[in-house]
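Line order of the protein sequences matches chains A and B. Going left to right, the first sequence walks through residues 1 to 399 as my numbering numbers them. Going left to right, the second sequence walks through residues 400 to 544 as my numbering numbers them.
No wet-lab data here; the hints were simulated from the structure. Bear in mind the structure is a predicted one, so any value in this text is a computation, not a measurement. Among these hints, one or two may not hold up.
[What the hints assert, rightly or not] With a Cα cut of at most 25 Å, we get these calculated SDA-like pairs of lysine to any residue: (1) Lys145/A to Ile191/A; (2) Lys131/A to Asn431/B; (3) Lys338/A to Ala402/B; (4) Lys406/B to Arg321/A.
[What the hints assert, rightly or not] Quick partial rundown of chain A residues pointing at chain B, CB under 10 Å, derived from the structure: (5) Tyr12; (6) His288; (7) Ala339; (8) His341; (9) Pro349; (10) Ile352; (11) Ala392.
[To be verified] If you want the ones that stay clear, here's a sample from chain A, every Cβ over 10 Å from chain B, calculated: (12) Pro128; (13) Met134; (14) Glu245; (15) Asn246.
Cβ atoms here follow ideal geometry from the backbone N, Cα and C, with glycine treated the same way.
Now for the letters of each chain:
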Amino acid sequence: MGNDEKPERKVYLDNMATTPVLPDVLEAMLPYFRQVYGNPQSIHSWGDEAREAIEKAREQVAALIGGEAEEIIFTSSGTEANNLAIKGLAQGQITKGKHVIISAIEHFSVLHAARTLEKAGFEVTEVPVDKYGMVDPDEVASNIKKETVLVSVMHANGEVGTIEPIADIARKVKEAGVLFHTDAVASTGTIPVDVNKLGVDALSLAGNEFYGPKGSGALWVRKRVRLIPLMDGGVQEGGRRPGTENVPAIIGMGKAAELAVQDMTARNQRLSKLRDKLIKGLPAAVEHVLVTGHPTQRLPQNASFCIEFIEGEGMLLWLDREGIAVSSGSACTSKALKASHVLIAMGLPHEIAQGSLLFGLGIDHTEADVDYVLNKLPPIISRLRQMSPLYAKFMKEKR
Amino acid sequence: MPAYSDKVMDHFMNPRNVGEIKDADGVGEVGNPVCGDMMTFYIKVKDNRLEDVKFQTFGCGAAVAVSSMTSEMAKGKTLEEAVKITPALVAKELEGLPKNKFHCSNLGAQALQEAIRDYAKKKGVKIEGLQEKGGEDEGEECEVC
Numbered sequence: 001m002g003n004d005e006k007p008e009r010k011v012y013l014d015n016m017a018t019t020p021v022l023p024d025v026l027e028a029m030l031p032y033f034r035q036v037y038g039n040p041q042s043i044h045s046w047g048d049e050a051r052e053a054i055e056k057a058r059e060q061v062a063a064l065i066g067g068e069a070e071e072i073i074f075t076s077s078g079t080e081a082n083n084l085a086i087k088g089l090a091q092g093q094i095t096k097g098k099h100v101i102i103s104a105i106e107h108f109s110v111l112h113a114a115r116t117l118e119k120a121g122f123e124v125t126e127v128p129v130d131k132y133g134m135v136d137p138d139e140v141a142s143n144i145k146k147e148t149v150l151v152s153v154m155h156a157n158g159e160v161g162t163i164e165p166i167a168d169i170a171r172k173v174k175e176a177g178v179l180f181h182t183d184a185v186a187s188t189g190t191i192p193v194d195v196n197k198l199g200v201d202a203l204s205l206a207g208n209e210f211y212g213p214k215g216s217g218a219l220w221v222r223k224r225v226r227l228i229p230l231m232d233g234g235v236q237e238g239g240r241r242p243g244t245e246n247v248p249a250i251i252g253m254g255k256a257a258e259l260a261v262q263d264m265t266a267r268n269q270r271l272s273k274l275r276d277k278l279i280k281g282l283p284a285a286v287e288h289v290l291v292t293g294h295p296t297q298r299l300p301q302n303a304s305f306c307i308e309f310i311e312g313e314g315m316l317l318w319l320d321r322e323g324i325a326v327s328s329g330s331a332c333t334s335k336a337l338k339a340s341h342v343l344i345a346m347g348l349p350h351e352i353a354q355g356s357l358l359f360g361l362g363i364d365h366t367e368a369d370v371d372y373v374l375n376k377l378p379p380i381i382s383r384l385r386q387m388s389p390l391y392a393k394f395m396k397e398k399r
Numbered sequence: 400m401p402a403y404s405d406k407v408m409d410h411f412m413n414p415r416n417v418g419e420i421k422d423a424d425g426v427g428e429v430g431n432p433v434c435g436d437m438m439t440f441y442i443k444v445k446d447n448r449l450e451d452v453k454f455q456t457f458g459c460g461a462a463v464a465v466s467s468m469t470s471e472m473a474k475g476k477t478l479e480e481a482v483k484i485t486p487a488l489v490a491k492e493l494e495g496l497p498k499n500k501f502h503c504s505n506l507g508a509q510a511l512q513e514a515i516r517d518y519a520k521k522k523g524v525k526i527e528g529l530q531e532k533g534g535e536d537e538g539e540e541c542e543v544c
């Protein structure tokens, strides 16, 4: 297609990066900009109304993850929730020791928070993953020592979709008497998340991953667990997260949580079906396509691949021209210019990881959207392969 | 998406001179998969002129556009003229590159130089302006396109 033509269809398949805000969520938020604008901490009816609204949202969010309302700390993002968990929980236990365990495929907000702890004198152990991105609970347990104060393993990985055996890991960690945090940003709202069934002490989530607004996140921390705040300030969120509450975002996240509880089963079924169609369809249409992540223990909205012999950004540019939005873990598409640490930790060679392509399906997608992708992507791949020296080399060797 | 100029997008989407020259007089390969970009340039020389230039590129939009532009700029030039094609000239012809993609323009010129060096070595000729082996040391630390 030419440069100025409009694409036949618009398909936003980057829902692991962020989801759109649902109309009902937006409706719920709107009054909290112009009508109910009081500071929730104020002692007058303006403040009361805002406070009551955020307390309702707290209950909605708690219901989504099976926790209690008073255990929810609202934050500005999943990143803030993870930072608060890693730094705040570790520092809260500092008298017991200075060793933290995380997995090799954590989000940067966990990985880099752990590195900051390292600079502050903590020891950090990164446990490896297998080729599916799966963490072995025994591997985690075997790294626990006397000084270990915190273990953090993500519930599901957004890049490759793998769902980790959190309940098993948590059981082993708890047996050793160590705190356990899980980053459930990628999974919350799409698959059932229950803090008690998982057996965790802390769990991070983000509203914009389940059709709530950006700028909304939360950390659930089990009662009586010591947490050092990242910031100093007032009494908001029990003093654990000071700063005037982002009322509209909190209300939006609460509404999104309520809708997620209501629609969880339907969303799950619909997304899984589309995911499976894409995961089966692409390798059937194009040779030398690897599915990354676990074949069955997988987020219903995630389909991720590595397309051999080509690099991700070229595919993204072409797909964007066709009205399709996706992500890639290739070095060229990352601002840091490094291939995804997740794919490398799974043992994929760099040249394969460069061909990473990540689809994050959304609840409004249809089979026609997936068909559109399966129709548009193969010629793009073949076009890019035609100019790839790696493909030429491969074809020569094949002959 | 990186903020690519129209010229970059044009050369990315309609790259000129893609392919391999089977009986090339010189071949130049640069980059590595860890860094995310690999380029191979093929040249055909006649009467000291680049009669044909072709390339194969594994890399981002900028890497493809840089290869395409470099090949277009080089074609028809004498070898002495071709070795004067600098990364800055390629980037200028492409109406600029995003800051973190600027390094891509190095790769195009490097690959072309490599191909010319390969030719000079095979023929045992000296080409004015051709630098000795650029000794680019591509370790773990790479500047990527």
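Taking the hints in turn, this is what the structure says about them:
1. A C-alpha spacing of about 32 Å is found between lysine 145/A and isoleucine 191/A, which places the hinted pair above 25 Å, so the restraint is violated.
2. A C-alpha spacing of about 23 Å is found between lysine 131/A and asparagine 431/B, which places the hinted pair at or below 25 Å, so the restraint holds.
3. Proximity of lysine 338/A to alanine 402/B is assessed by CA-CA distance (about 19 Å); at most 25 Å being required, the pair is judged to hold.
4. Distance restraint check for lysine 406/B and arginine 321/A: the Cα-Cα separation of roughly 16 Å lies within the 25 Å cut-off, and the hinted pair is therefore satisfied.
5. Hint on tyrosine 12/A is violated. Least Cβ distance to chain B is approximately 14 Å, over the 10 Å limit.
6. Interface restraint check: histidine 288/A against chain B, minimum CB-CB distance 14 Å, threshold 10 Å, status violated.
7. Among the interface hints, the one on alanine 339/A holds; its C-beta lies about 7 Å from the nearest C-beta in chain B, closer than the 10 Å criterion.
8. Look at histidine 341/A: its Cβ only gets to about 13 Å from chain B, farther than 10 Å, so that hint breaks.
9. Given hint, proline 349/A at the interface with chain B, holds; its Cβ is 7 Å from that chain's nearest Cβ, closer than 10 Å.
10. With its C-beta approaching chain B no nearer than about 9 Å, isoleucine 352/A sits inside the 10 Å limit, and its interface hint holds.
11. Contact between alanine 392/A and chain B, as hinted, is supported at the beta carbon level, the nearest pair being about 6 Å apart and thus within 10 Å.
12. The non-interface label for proline 128/A is consistent with chain B: the shortest C-beta to C-beta separation is roughly 19 Å, beyond 10 Å.
13. For methionine 134/A, the non-interface assignment is confirmed: its Cβ lies about 25 Å from the closest Cβ of chain B, beyond the 10 Å cut-off.
14. The claim that glutamate 245/A is not at the interface with chain B holds, since no C-beta of that chain comes within 10 Å of its own (minimum 35 Å).
15. The beta carbon of asparagine 246/A is kept farther than 10 Å from every beta carbon of chain B, the shortest such distance being approximately 29 Å.
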